[in-house]
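Participant: As a plain string of letters, each chain reads:
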Amino acid sequence: MTALLTIDHITGGYNIHKPVLHDLKFDVGPGEIVGLIGLNGAGKSTTIKHVLGLMEPVKGEIYINDKTIHEDAEAYRKQLAYIPESPILYEEMTLWEHLRLTAMAYGVPEGVWEDRSEKLMETYQMSRRKNWFPNHFSKGMRQKVMIMCAFLVEPKLYVVDEPFVGLDPVAIKSLLDMMVEMKENGAGILMSTHILATAERYCDRFVLLHEGRVALKGTMKEIQEQAGMPGANLDDLYIEVTKGEITS
Amino acid sequence: MTGQWWNERAGAFWGKAGRYLRLIGNSGFMFALYILLFAGAVFYPAFLDWLPQSPWVVVALWLIFSVLTLRGPIRPFVQSGDLVFLLPLEKRMVPFFKKSIRYSAALQGVEVLTVYIVLGPVIQERTAAGGAGYIGMLLLLLVITFLTTFIKWEEWKWHNHTHRYISTAVRWVWPALLMLAAWWGSIFLAGAGLLGLIGHWQLVKRRSASMLLRWEVLLEAENHQLAKFYRFVQSFAEVPHIEVKIKRRRWLASLVDKFSHKQENTYLYLYGKAFVRSGEYAGMFMRLLVVCGLIMYAFAPEWMRLGIGGLFLYMTAVQLQALKSHYATIDWPDLYPVPAKWKEQAFITFTRALLMVQGAGIVLLHAWIGQSLLVTAALILFVALLLLYYPRWVTRRKQKEMV
Chain A
1 MTALLTIDHI TGGYNIHKPV LHDLKFDVGP GEIVGLIGLN GAGKSTTIKH
51 VLGLMEPVKG EIYINDKTIH EDAEAYRKQL AYIPESPILY EEMTLWEHLR
101 LTAMAYGVPE GVWEDRSEKL METYQMSRRK NWFPNHFSKG MRQKVMIMCA
151 FLVEPKLYVV DEPFVGLDPV AIKSLLDMMV EMKENGAGIL MSTHILATAE
201 RYCDRFVLLH EGRVALKGTM KEIQEQAGMP GANLDDLYIE VTKGEITS
Chain B
1 MTGQWWNERA GAFWGKAGRY LRLIGNSGFM FALYILLFAG AVFYPAFLDW
51 LPQSPWVVVA LWLIFSVLTL RGPIRPFVQS GDLVFLLPLE KRMVPFFKKS
101 IRYSAALQGV EVLTVYIVLG PVIQERTAAG GAGYIGMLLL LLVITFLTTF
151 IKWEEWKWHN HTHRYISTAV RWVWPALLML AAWWGSIFLA GAGLLGLIGH
201 WQLVKRRSAS MLLRWEVLLE AENHQLAKFY RFVQSFAEVP HIEVKIKRRR
251 WLASLVDKFS HKQENTYLYL YGKAFVRSGE YAGMFMRLLV VCGLIMYAFA
301 PEWMRLGIGG LFLYMTAVQL QALKSHYATI DWPDLYPVPA KWKEQAFITF
351 TRALLMVQGA GIVLLHAWIG QSLLVTAALI LFVALLLLYY PRWVTRRKQK
401 EMV
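Heads up: the sequence lines are chains A and B, in that order.
Numbering of the first sequence is given in UniProt numbering, commencing with residue 1 and proceeding in unit increments.
Numbering of the second sequence is given in UniProt numbering, commencing with residue 1 and proceeding in unit increments.
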């Protein structure tokens, strides 16, 4: 296998008798951005929780560089960084301390993490807020902290859940530029989003989920063919999928 | 119908409050209360003897009870959703709010009653409210408490700031004068004052009869009252309902920054920042040391001082265990590529170091207050033993929790 992240026929959910995900299979290779698209409740966040190891699949396995989380949890986790949909911050830590803690936990050495952090703070216009506590941050600023922590680690795989909510246009641009830069450096990115126009422009491949199943997957061209809608844009394909008539 | 809603809301609140109060009862608070009552019973007669024969005692009593009776906090029992859903039913909410007002006044009445009983001996001995007047004065205070609450409720409807300020000022001045008269024994004046207060209430009521409620003011009052309750509970138990106040504590926090930058220290760093800044961990730690010193000072027998020192160190250890679940609701610590056993180790290392500091503090206190070097030595031995067995104790607690 050459893929970075492999989701191999997983079935799972919150209740063992009522799985949310059904036999999901797709992968993310190095140097590509894969868009995870679906309605609310289609199973995007559940898929992401499985990848993070916060939930365990009932059936199937998830590999990062051919290793499951059970084989070596630390090695598995070290390779991925996560940007959650709703920012999760330590209320008792300042922005700078969040960065330091992340660097510590992921083993980013001294001297390196400070440089990266300073640059990130500048990019996201947060330098002035270095010693602020999260309770003074707006939703967008909290999201920026999450983004900065993820990019500070520079992992092989980024798992990004709805990253644009609450961000200002400058920050959205910076985030997209950074994702492209990391991709060009060989990282893989799995991104769930509802902003389809952006996804269409930036993602190399797509996985369209409907009711916990993969409805369409592949490059833009491939999913157009699968849906029998040549030339259709992602919005139209997405609407078609939500009608429930397309299954792979 | 709306009265029934009120019953459900108040019932739900008291159900929750009851659980918290039980938690507080189990948290060593009762023990502290017993000690306080005991110390109170011992020192109260001495305090009465010491109290000078001065008219200022009456003034002090008057001030205390003026504040207690005239504050009139109201808990309306509204929720944020009501501003959308119950707004159209405002006219039908009268029974609901009547209950809220009576409830608030009654609760404040209980507060007045408690303080009145505690200060009973002083009141009996030093004021006109001695003997038969004792009950009469209490009744007067309770009537004022209820009237104040009624008036305040009507004032809340007013949009005109100036009118509200005037009414508030009158609401404070009338009863204050009335009570001053009563404390000095001028019952005639007190009666006139009471009539005046009732008149003020009727006037305010007539004025606001056609006015609408200001729901946002009600919601603000509700949140304020609720936060007060939860802040009280917060000193004993973890409360998920309120945001914990974070304190920067620059100097203490900078000590945590001294941990060297390596993966092993990830959780030490986390626990360190939480202890210094969040919840009341550091505050609790200091308070226990101070109270330990005070009690050691108050109880002369040396063997008792030894017991008190040991008990407070043990209490510190128990309270510190809360730190362990501090990050239970956050995903990050579970996602870090750091072995889970380091987390457990970091917790033990960190809290053990804190216990060592607390132990040293208690030993020093004893060396200062106590008179027996032997007991100080015994205390040192106790601290050493506790530190030695601490890791095993934590692991055993964890196993018990799992069962």
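Because the hints were derived from the structure by calculation, they are not lab data.
Watch out, some of these pointers could steer you wrong.
Claimed, not checked - Cross-link-like lysine-lysine pairs, in silico, DSSO-like; alpha carbons within 30 Å at most:
| # | chain 1 | residue 1 | chain 2 | residue 2 |
| --- | --- | --- | --- | --- |
| 1 | A | 156 | A | 119 |
| 2 | B | 343 | A | 49 |
| 3 | A | 25 | A | 49 |
| 4 | B | 258 | A | 130 |
| 5 | A | 183 | B | 262 |
| 6 | B | 341 | A | 119 |
| 7 | B | 262 | A | 130 |
| 8 | B | 400 | A | 130 |
| 9 | A | 49 | B | 262 |
| 10 | B | 91 | A | 78 |
| 11 | B | 247 | A | 130 |
| 12 | A | 59 | B | 341 |
| 13 | B | 324 | A | 130 |
| 14 | B | 258 | A | 78 |
| 15 | A | 139 | B | 324 |
| 16 | B | 228 | A | 67 |
| 17 | A | 139 | B | 341 |
| 18 | A | 173 | A | 59 |
| 19 | B | 341 | A | 67 |
| 20 | A | 156 | A | 173 |
Unchecked claim - Which chain A residues face chain B? A few, computed with CB under 10 Å, are given here:
| # | residue |
| --- | --- |
| 21 | 105 |
| 22 | 130 |
| 23 | 186 |
For glycine and all other residues, C-beta sits at the position ideal for the given N, C-alpha and C.
Participant: Hints first: check each against the structure and report whether it holds.
Facilitator: Structure-based check of all given hints:
no., hint, result
1, 156(A) / 119(A), "holds (20 Å)"
2, 343(B) / 49(A), "holds (22 Å)"
3, 25(A) / 49(A), "holds (15 Å)"
4, 258(B) / 130(A), "holds (18 Å)"
5, 183(A) / 262(B), "holds (28 Å)"
6, 341(B) / 119(A), "violated (34 Å)"
7, 262(B) / 130(A), "holds (22 Å)"
8, 400(B) / 130(A), "violated (42 Å)"
9, 49(A) / 262(B), "holds (27 Å)"
10, 91(B) / 78(A), "violated (61 Å)"
11, 247(B) / 130(A), "holds (16 Å)"
12, 59(A) / 341(B), "holds (28 Å)"
13, 324(B) / 130(A), "holds (28 Å)"
14, 258(B) / 78(A), "holds (25 Å)"
15, 139(A) / 324(B), "holds (28 Å)"
16, 228(B) / 67(A), "violated (52 Å)"
17, 139(A) / 341(B), "violated (34 Å)"
18, 173(A) / 59(A), "violated (39 Å)"
19, 341(B) / 67(A), "holds (21 Å)"
20, 156(A) / 173(A), "holds (22 Å)"
21, 105, "holds (4 Å)"
22, 130, "violated (13 Å)"
23, 186, "violated (19 Å)"
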